[in-house]
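If you read the protein sequences in the order shown, they are chains A and B. Be aware that the first sequence starts at 1, since it is given in my numbering, and climbs by one per residue. Be aware that the second sequence starts at 1, since it is given in my numbering, and climbs by one per residue.
Since the hints were made in silico from the structure, they are not lab data. Computed from a predicted structure; not experimentally measured. Each residue gets a CB set at the ideal place from its N, CA and C atoms; glycine is no exception. Check the hints yourself; a few may be wrong.
[Said to hold, decoys possible] Here's a subset of chain A near chain B, in silico, CB distances under 10 Å, partners left out: (1) Ala48; (2) Leu78; (3) Ala81; (4) Arg88; (5) Phe89; (6) Asp98.
[Unchecked claim] Partial chain B-side listing against chain A, Cβ under 10 Å, derived: (7) Gly22; (8) Pro25; (9) Glu45; (10) Thr46; (11) Ala48; (12) Tyr85; (13) Ser86; (14) Lys101; (15) Lys102; (16) Ala147.
2 protein chains.
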Amino acid sequence: MKELVLATNNQHKVREIIDILGKLPITVKSLADFKKMPEVVEDGETLAQNAVKKASTVAMRLNTWAMADDTGLEVDYLAKAPGVYSARFAGINCTYEDNNKKLLKLLKGVPKKDRTARFRCVIAVAGPEGSIELAQGCIEGVIAQKAAGDKGFGYDPIFVVAKYKKSFAQLDSRIKNVISHRGQAVRNAKKIIERICRSS
Amino acid sequence: MKELVLATNNQHKVREIIDILGKLPITVKSLADFKKMPEVVEDGETLAQNAVKKASTVAMRLNTWAMADDTGLEVDYLAKAPGVYSARFAGINCTYEDNNKKLLKLLKGVPKKDRTARFRCVIAVAGPEGSIELAQGCIEGVIAQKAAGDKGFGYDPIFVVAKYKKSFAQLDSRIKNVISHRGQAVRNAKKIIERICRSS
C-alpha cells in the first residue's frame, strides 16, 4: 500500500486533515512518525510557495508521497495581512491568543463593513519523483469585535461566518469541516490522492 | 534606434526613473505618448508578478521594449503589509496622505524598535519577442511617528532611513535616488537595457 506523509508538525492540523480525508486506500502518517526531520523554513512569498516547499522537501527526503498545507488569514483592512505570516503575526513563538489580541487591537474602532476577511488554504501533494499538484479552499467572513468559543485553533475565535453568526471556534467541528477553507482544500486534495492511488 | 516604453501612468515614477536612467542609446517614452492603452489590472500576489504583467502587456501591445516597476512598502509590525497593495492601502482612489494617515494610526503607540520597514522595488524589462528580465532594489528604514517633508511622493514623508535621520520626503532627490529602492532597481535595470542596446 502506498504511503502519504502529512508534512506538518501542527497536531491540530493533522487531526483536522485526517478527519476530513476519511478512508483512503493509502497509509496516512504524520511527521511525528519520523525522527530527525529537519525543519522546513517557510520563507515563501505566497501560501502556494510554502506548501510546495514543505511537501516536496518531505517527499524527496522520505522517498514517498507527502501532503502539506499553508493557510493564511487575509484581512482586507490590513491589505490582506497577516496572510502568509498568519502563524507568527505577533512574533516568533507567539501564541494563538497573542495573534488574536494583536489583530483585534489593530481593528479597534473599525466598523463591521470594513472587517471583511477570508481564510485561504493551499495544499500541495508531492510525489517521490518530483510531481507536484495543488488544491485550494477559501471561506469569506468578518473579524469579530472580540474572541468567542473554545473549539478549533488559530484565528478561529475571532473569525465569523455570516451564515452561522458564530465564530469558527463556536461551530461544531462537523459543520466547520464542511464549510472551512481547509475542509474544501482537503476534499480537493483527496481527489488528487485517489487518482494517485489508482495509478500504478 | 530602439525604443523603450516606461509602462506606468504615474508621472512621479516616470520623472524619477528617467532621472536615474540618465543617457541611454535608446529612445525612452512613457505611456503618456500613446493613446488608448488599456489599464493593466495589478492583481498579482507579488511585486514581481505585477511588474512582469505590466511590462509584458505593453511590450506585446506596442511591439517594443517596455519597462515596468512595482513597488511596495513592507511594515514588519503588519506582517509586511501593505506590500503589493501599498498604492491602494486606504482604499481605491485614495490619496498618498490617506495611506500615510492610515499607516500612522495603525502604528500608534508602537515603539520605534517595532516600526521597522523596507521599500522594495521590482522592475521587469520585457521585449517584443516575449523575453523578460528582472531587476530589484530594497532599502531598510523605520516608519516615523508623523509625516515630515514635501519632496518625493507616496510613503516618502513617513519613511525614515537611519543613516540620514530624515524622511525620504526631506532628502534631496539626488541623495534619495542614490540610496532608494527604485534607484537601485533602475540602475540594475539599466545594465539590462544597455545589454539589449548592444545586441542587434
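Hint by hint, which ones does the structure fall short of?
-> The structure conflicts with hints 6, 7, 8, 14, 16, although it agrees with all the remaining ones.
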